[in-house]
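Position chain L with the ligands relative to chain X; hints supplied.
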Amino acid sequence: MELKNLLSEKRDVILERWFDLILKSYPADTSSFLRNQKNQSTNPVGHTILKSIEGLFDKLIEGLDHTSGDSWSSFLDNIIRIKAVQDFTPSHALSFIFDLKKIIREELKNDPVLNSIQDNSGSGNGITVELSKLDSRIDALALDSFDIYMKCREKIYDLKAKEFENKTFRLLQMANLIYDKEEEQRLDKDHGNLKKAL
Amino acid sequence: MSNKVPTPDELSKIDYTPPKKGWMDTPVEFKPGTWCYGSRPKYLESVDFPNPRDWKPTDDDWKLPENWKEIFLKGMEERLRKYRSFRLFMDICVRCGACADKCHFFIGSGDPKNMPVLRAELLRSVYRKYFTASGKLLGKVAGARELTIDVLKELWYYYYQCTECRRCSVFCPYGIDTAEITIIARELLNLLGLNTDWIAGPVANCYRTGNHLGLEPHTFKNSIEFFLSDIEDITGIKIEPSFNRKGAEILFITPSGDTFADPGTYTCMGYLMLFHELGLDYTWSTYASEGGNFGFFTSNEMAKRLHYKIYAEAKRLGVKWILGGECGHMWRVLNQYLDTWHGPADFLEEPVSPITGTTFENAKSSKLVHIAEFTADLIRNGILKLDPSRNNHLKVTFHDSCNTSRGMGIFEEPRFIIRSVCNHFYEMPEDTIREKTFCCGSGSGLNAGENMELRMRGGFPRANAVKYVKEKHDVNMLANICAIDRAALPPLMDYWVPDVRVAGVHELVGNALVMKGEKERIVDLRGEPLPVKSESTSSEEVKEG
Ligand code: SF4
Ligand code: SF4
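Which chain is which? The protein sequence lines are X and L, in order. Count along the first sequence from 1, add 588, and you get the number used in my numbering. Count along the second sequence from 1, add 12, and you get the number used in my numbering.
Next up, chain X with everything else stripped away, as it sits in the complex:
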C-alpha cells in the first residue's frame, strides 16, 4: 500500500488533530470559538486556518509522486499572514508545520494494516522510503514558511514606515519645501499612484 493512499484515507483524522493542535495555541475560550463558529465572515481566523491546512495537506500528498514545483504558497501565506500579526514569537507562529510530522507518525504507528504489512512481508520498507520523502517535503514547507513569515513582518515594518513618510512628505510639500520633481515622482510611484503625464 502506498503512503499516499494511506494518508488520503486518514485525511480527516489527521486534519482534525492538526487543527486541534493549532487551536490549542490560543486561550481556551478563543479556541472553542475558532473551532465552533463556522461562518467564514464572522470567524475568519478559524475558517482561514482550517482551509489552509486542508490545502497544505492535499498539496503535500499530491506532490509525493511527482517532483514538480510546489504550489502551496497561497495556503501557507493565508495562515502565516494571520499568525505574523498575532501574539506569537516567530518559532511558535511556525511550529504548526512540525506538528504535522508528529501527527502523521502517530497516526501511522497506530495503523493495524500498516503494522501487519511491515510485520509480515517486510514491504513496509517502501513506506519508510516514502515517509522520509514526506519528511523532506514538510521540511521544504517549513523553509518556505520562514520566507513568508519574514515577508509579512517586513510588510508590517514597511507599513509603519510609510505612515510616517506619507505624513512628512505631504507636510513638506505643502510648506513648499520640496522642489525635487524626481523625488516626488519616486514617492508617488512607491505609493502606487504615479500620476500619468497629462
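Everything labelled a hint here was simulated from the structure, so no lab data went into it. Just so we're clear, the structure is a prediction, and the values are computed from it rather than from any experiment.
Under the rule of at most 27 Å between Cα atoms (straight-line distance), these lysine-lysine pairs were calculated in the DSSO-like manner:
id	chain 1	residue 1	chain 2	residue 2
1	L	Lys165	L	Lys33
2	X	Lys690	X	Lys598
3	X	Lys743	L	Lys43
4	X	Lys612	L	Lys33
5	X	Lys639	L	Lys484
6	L	Lys68	X	Lys748
7	X	Lys639	L	Lys479
8	X	Lys743	L	Lys484
9	X	Lys743	L	Lys407
10	X	Lys748	L	Lys479
11	L	Lys479	X	Lys739
12	X	Lys748	L	Lys54
13	X	Lys748	L	Lys125
14	X	Lys626	L	Lys479
15	L	Lys43	X	Lys612
16	X	Lys647	X	Lys612
17	L	Lys81	L	Lys125
18	X	Lys739	L	Lys484
19	L	Lys479	X	Lys743
20	X	Lys750	L	Lys479
21	X	Lys612	X	Lys626
22	X	Lys743	L	Lys68
23	X	Lys750	L	Lys233
24	L	Lys125	L	Lys165
25	X	Lys750	L	Lys54
26	L	Lys448	L	Lys484
27	L	Lys165	X	Lys748
28	X	Lys626	L	Lys484
29	L	Lys43	X	Lys750
30	X	Lys612	L	Lys125
31	L	Lys54	L	Lys86
32	L	Lys448	X	Lys626
33	X	Lys639	L	Lys448
34	X	Lys748	L	Lys43
35	L	Lys43	X	Lys739
36	X	Lys750	L	Lys68
37	L	Lys81	L	Lys54
38	X	Lys626	L	Lys125
39	L	Lys479	X	Lys647
Okay, now just chain L with the ligands, sitting in the frame of chain X:
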C-alpha cells in the same frame, strides 16, 4: 511565551495550552505592536489636561500623581451620578456572552480580554469593589477587585484596543454599549494624564488651529488650491472656491485628512467639482477647518470644546446651514451629542437644498447635512449629468463606517450614489455590512503607526470580507464615506488584500460628473487613464454579490 528558540524536538512536545488562570489573575503584558505611544506633555499642557509629563506605557513608573487612585474613583463616582447609562451598563450585564465573539479585535487577535463582555468587566470589577455592597463585602467572589497599578495598566491597554465601534451593542439583548464604557474609561484615564500621543496631538492642534493637522489658514488654503490645478488639468475647468466668505448660504466642513493625504484628496476634488457644477453658494472656513473630533476620544468636555467652533464659525459667517463632507465620527458626535451639549442651533435655518428644494428634516435640530444625503437627493431629482462608464475600470464594494452606519443610520444614500455613478457594484457578505459592519480596526484614534499589528488584527474581519468579493467578483475598489477609513484602509488592504484600493464616494462622483464646458477627459481624478469607451458603456450593470 519565551523568546528562546526551541529545537524541533522540543517543539513537537510543547503543550501550547496556556495555564488556566482566572482573567483577574493574569496581569497585562504589553505586547509589541499593540499599543500607542504616551502623549507628549506639550499636547496636554496646551489644553490644560492633567499630569503632563514624558512617559512610556512600558515604563514601570507611570509618574502618576500620588493620589491617583482617589482621583480615578472620584471621577468614576461623578460619572456614575451624571450618566444614568453608565451606571446601568455597570449593573445590568447578565454575562450571557451574546456580545463575546462580535468584536473585531477579539475575532482577529484571539485575546479573550478583547471580548466586549470582558472588556467591560475590566472596569465593572472595579465598580463592584467600590460602589456595590456585595463587591465591598465579598470581593472576588462577587466579581470585584481592587484598583491597583496593574489593574490601571490593564485598563489603559484594553480601552485603547477598542475602537468604540458599537458592533457588540447590536447583539446585546440589554442594549449595553461597550463603546460608551470605553468612552468613560478613557475619560477616567485622562484624569491621570494617560492619553496617547496620536490622540492628544490632533486635539492640541485642533484647539490651536481648527484642524487636527495643525494647518495654519494659509496652508489650509494652499492645500485646496493644489487640487484646483489638478482639476483644471483633468477637466479644463477653473474653479475658484471662496474661503471665510461672510454671507454665503452654506458653510462646508470636512475632515482635514481629505485635504492632506491620498486617497482622501481625490474625494476632496470630487466635492470641489460638484459644488462648482451646481453653482452652490458656499464657503470653506480656514478656522473651522476640521470635521473630525479627536476630543471625542479623550473626554466629553474636550469633544464639546472642539466641536463648538463649527457653530461659532457658522454664526460669524452668517450662513444658513452647514454641509459636512464624508466623515465618520463627526456624524456620531453630531447625531448623539450635539443637542445635549449646545441645544439646537437656532441661529441657523433648517437646511433646504437650494438646488432641489428638498428640506432635510432629519437635520432640523443640528442644521448640518451629510454630503451623502445632499448628493443622493441631487441624483434622485435628476440634477446631475453622470457618465458611470468613466468608472468602468473600477469594481466597487462599499464599507459602512461604524459611525455613519451604527451611529447614524446612513445606509442607503451612499449605495444609491455608487450605483448611479458606477456600473460595477458588489456587496460584501451580509454579516459584515450595514449595522453589522466590521470596523476598519483603526477608529477612535487608534490609527497610529506604532500599533500596526493591532490595526491589522482588528481590521482582519473587514479585510477578509473584501477578499471574498475580490475573489468572487474581482473587486478592486473599496469605497467609503469616512476620512479615517481613507487613511486606515489602504494599509489594511496592502497587508491583507493587495490590489484593492480605497476611495471616498465623492471621488467616484467626481469621475462620473459631466461638467458644463469640460474638455474630453482622458484620465480619472488620480491621473490614471480612463477606460476605453465601448458600445455598452452606458448600460446599467449593477450587481450584488
Ligand atoms: S450581550 Fe450584553 S448582557 Fe450579554 S454579556 Fe454582552 S454586554 Fe452582557
Ligand atoms: S465597541 Fe467595537 S471595538 Fe469596542 S468592544 Fe465593542 S465591538 Fe469591540
